[in-house]
Amino acid sequence: MSAPAGAPARPRAEGGPPPGLPGAVRRLWRRSADSPAPFLLPFLLVYTLFLVWPLLSGLWMSFTDIALNGAGGAFVGAENYAEALGDPLVWRTLGNTVLFTLLTTVPLVVIALAMAVLVQTGLPGQWLWRLSFFLPFLLPVATVVLVWNFLYVEDFGLLNQALGLFGAEGLGWLTDESTAMWSVVLTTVWWTVGFNFLLYLAALQSIPGHLYEAAALDGAGAWARLRHVTLPQLRGTTAVVLLLQVLASLKVFDQIYLLTGGGPGEATRSLLLYIYDVGFTGYRFGYGAAVSYLFLALVLGVAALQLWISARRKG
Amino acid sequence: MAAQSIRSARRAEAARDRARRRDLILGGGRGPRIAAMSALAALAALWLAPMVWALITSFKTEGDAVALPPALVPESGFTLEQYRGLFAAGNIQMWMFNSLVIAVLVTLFTIAVAAPAAFAMSRMDFRGRTALTAFTVAAIVVPPQLLIVPLFRQMVWLDLVDTHPAVILPQLVAPVIVFVLKRFFDAVPRELDEAARMDGASYGRLFVSVIMPLSRPILAAASIFVFITAWNNYLWPFIVTTDPALMTLPVGVPNILDSYGTFYASQLAASMVAAAPMVIVFMLFQRQIVDSVATTGLGGR
Chain A
15 MSAPAGAPAR
25 PRAEGGPPPG
35 LPGAVRRLWR
45 RSADSPAPFL
55 LPFLLVYTLF
65 LVWPLLSGLW
75 MSFTDIALNG
85 AGGAFVGAEN
95 YAEALGDPLV
105 WRTLGNTVLF
115 TLLTTVPLVV
125 IALAMAVLVQ
135 TGLPGQWLWR
145 LSFFLPFLLP
155 VATVVLVWNF
165 LYVEDFGLLN
175 QALGLFGAEG
185 LGWLTDESTA
195 MWSVVLTTVW
205 WTVGFNFLLY
215 LAALQSIPGH
225 LYEAAALDGA
235 GAWARLRHVT
245 LPQLRGTTAV
255 VLLLQVLASL
265 KVFDQIYLLT
275 GGGPGEATRS
285 LLLYIYDVGF
295 TGYRFGYGAA
305 VSYLFLALVL
315 GVAALQLWIS
325 ARRKG
Chain B
236 MAAQSIRSAR
246 RAEAARDRAR
256 RRDLILGGGR
266 GPRIAAMSAL
276 AALAALWLAP
286 MVWALITSFK
296 TEGDAVALPP
306 ALVPESGFTL
316 EQYRGLFAAG
326 NIQMWMFNSL
336 VIAVLVTLFT
346 IAVAAPAAFA
356 MSRMDFRGRT
366 ALTAFTVAAI
376 VVPPQLLIVP
386 LFRQMVWLDL
396 VDTHPAVILP
406 QLVAPVIVFV
416 LKRFFDAVPR
426 ELDEAARMDG
436 ASYGRLFVSV
446 IMPLSRPILA
456 AASIFVFITA
466 WNNYLWPFIV
476 TTDPALMTLP
486 VGVPNILDSY
496 GTFYASQLAA
506 SMVAAAPMVI
516 VFMLFQRQIV
526 DSVATTGLGG
536 R
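Chains as they are written, first to last, in this note's numbering: chain A, 15 to 329; chain B, 236 to 536.
If you're looking for bench data, these hints aren't it; they were derived computationally from the structure. Don't be surprised by glycine CBs; every beta carbon is placed ideally from N, CA and C. There may be inaccurate statements among the hints.
With the Cβ distance kept under 7 Å, some of the chain B side facing chain A (calculated, not the full set) [stated by the list, open to error]:
#1 269
#2 274
#3 336
#4 359
#5 375
#6 378
#7 469
#8 499
#9 506
#10 515
#11 528
So here's chain B without its partners, still in its complex pose (with noise of 0.2 Å):
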């Protein structure tokens, strides 16, 4: 009871202050304010209706999808008829796994390798100090894009082509987490290593127990960076998988796109299951995730 009550007053006073600043910015008449909503809305509907639309179609028939003039309720009903077909084929609950170990390992390692190092540039003394730190933002410019051609060589060198080691493993590399980390690490007092160091803790200590749980919040940001990114990852993982076993789910749909031919239907059922996941981590984390592209996205400054 306690709790909700907090909760509703919490909730209040953001109504409150959004209703204030609503009145700071567009002025207390109407006029502006009705502008402003229907060039919201407006916009919202246009990026909305490619979605909708899709989404629609996933559950027609196949000669439905087609049909001119297109309609919004299909002759023959709507039908799970392309869920059903993609699901018995298997293929795409594969992709979906691979996906998610492989963003989900992306994750944990890009941030226990970035982590202890930001952690030392930030805090500890050592000779080239200065030069590791400069060598982290000017790798933040090289675009990984352009690694591909030596990176598949190497790949071949190490007989890891088609395994999903070679997927995972050029993708720990993220020079702005570390940057962004670093930052972050900057501004917490020194007062507490200070404190830390003279009640005899070792910099291992301090780092476990003070400076990371004090992270938390970046660090989260910067794990659904991660996770996002490599959820998403379309280059690299297409040029070192062949074996659709092994492919992620941006790296599969696609094939559906030739073994199916032109069935729309089909394929854009197989965009919507393609899309799912993301959806829910959204619709779970869409505060954290407002602040990991507002803290990652500005880590260049």
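So here's chain A without its partners, still in its complex pose (with noise of 0.2 Å):
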């Protein structure tokens, strides 16, 4: 499409200003055209009032004494911090918080390793393994937990009953203090290794063909080839992985509140959990900033850990 000889050397854009408008109207409107003001307004209006403003009010209320239904509000300074410092329930729930993140990240991460590879060897039935491995994420957390509980019940429960048939003693899945931790890790577990199993599986799938080819031609075994063709290509991914879960099991809040609501005791009560309590059980909003701050450094940190190693091993 060649402008025709004397047209201005600019074409006049498409949908441009009709004619027969002011001048000042239309240079504003060509200059609008070209604004990314009406790209980025909607944006900058949902981060700014559902992001920015409560990440800033949040700030000044965990320098407050607010309650649940506004009162007080007056300024307190760094108390609230330092009650959480001492706060023998702050540093509890902090540790079952590490506790389950340390224990569902190994088998997030190896069970759903060993899925995709699994998968990934192209025996048949993949439809079917892809069904059974990804369809518990899919499930509302409602369902997981109404069926785990069913499964977890003491006297006619499916897992004391399995149990029972090696002839050993029935477990307090969920009562008792020294095992519901691993209850609720177990179901975590089974619900959302899923999403790492694709992860893996997507990964799988870019790594050259002709690298198992070469492999092959030295003659190198199946066991050979995962050791040392696979597993290698991998790497990146798990750094990926490692990182998302650890802040996913981190933020653990649904399935606990849920299956056991933090007991027995305190046995299985989260960060988040103790948040979610101080500030809508106990009305102490302040006091539940506070602690949300505390934690958000926590994930800070553990995200800028990451970022540090990752740029370390590249560099």
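Since each chain sits alone in its own frame, please combine them into the complex, following the hints.
Below, the structure is given as structure tokens:
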């Protein structure tokens, strides 16, 4: 499409200002057509209102004694933070959260990797494997909890019945302080492993086939190919999966709240559960906000550490 | 007919690909193949068993549900009693409808907010572009669960507690989606823009007629990811709704736990109904769901 001779160098924008408008209006119209404002406005509005503002107002609240109903609100300085650092329940629930994160992260990475490697081998039944491993991740927490509650019931629950078959004594899955956390971990692994499984599967599919061909030419068996081709190629993905998993596990709330409510005793109560309890049951918003910010510091610390490690490895 | 033969040819090719991959990874021998197959079957059985057992129990009478020892085939036969009772009560349909409306609106608005912003960050020159991109990446790390306390105060102040806008609005913050879309737009060749701009297209025109149509796969993947997240979101809807008529499925169903006492069969029927829509979505969109997790999950790389 060549412009006719004598046409202005810059072609008139399609859908540009209609002719007959005053010059100033036309200039404004044309300039606004190239302005990022209309593209960014909804984003800025939503993120300012529902991310930046709550972040800032929460920070302010953490220095006040505001309650759920808005009563109080007097500035108390760093009092909430001092109290939080000396609160045995903050340390106990932080300990539970870290324990949960450690106990879930290892199986959620290892089992997901095993599932993906096995599926990637191209054995028949692809559709069934994917469905079995990924489906639980799609279930709402209510379904997951009701199903597992039923499996954990002490007298007729399937798990204790299965233990009975082996002559073992039944466990108090959710009622015994020493096993409750393990039960929460078991449910969580079953529920969420599918997400990591898919991340690994996607990574495996992008490993070039010629690497396997070369290994086969070198006489590497199935096991050697796994160790020397597959696993090294997955290192980057594992770093991502680990980071996402640790951040997700630190935020645990839903399944614990519904399975055990944090009990028995304080055995399974996570930090987020404590923040919820303090703010919404204990009506101490200011204190809850302060604990939230200590938690945010922890999460940011973990993310920064991970970034630092991966930057060092690359450099 | 032609379409059919193309499809069957494609299927044969996919099967050949799989066989070649299998031979490359596992070697030609039978040993590794049998070992891998057994491991797959064992894992799949372990992962399916809880769901299958719950599904079976949901078709039992309450008496058979707690019978000892547990039986695959109940003494008094299978029954639809639990499901009938559930739907007669009416709440579960309402919660499903609420979940659907909320998840669809969250998905539409999230994409409507994220896509133009990602386009501007990827394609337009303006002051503060780098800072805005850095802010988006930083926002990914902030756990939304931490904002519940101030967000709830905000909703009280706006007088929105116990309304659907209160459930929806905070969920529109999805920096991962903005970031993933920006990365995708970055990969679209610049020559396309230049050609469109030469033809006199405005940025709006470029976005709507060039970039968006090219981005259909990533938009579908991101939408599905947002939809699943919104559908299953528990904590925020739980905090901001107390009226049973406004609850979503994940928030409402645990309530049945209280009102029904410990009637396991009906609880499990409720949990199966709550699970059904996502299972159907998975069956229909398996490919896109796999892609959505792969692309959005790796967005942080």
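Do the hints match the structure? See the list:
no. : hint : in the structure
1   : 269  : 10 Å, violated
2   : 274  : 6 Å, holds
3   : 336  : 16 Å, violated
4   : 359  : 4 Å, holds
5   : 375  : 9 Å, violated
6   : 378  : 5 Å, holds
7   : 469  : 4 Å, holds
8   : 499  : 5 Å, holds
9   : 506  : 4 Å, holds
10  : 515  : 10 Å, violated
11  : 528  : 4 Å, holds
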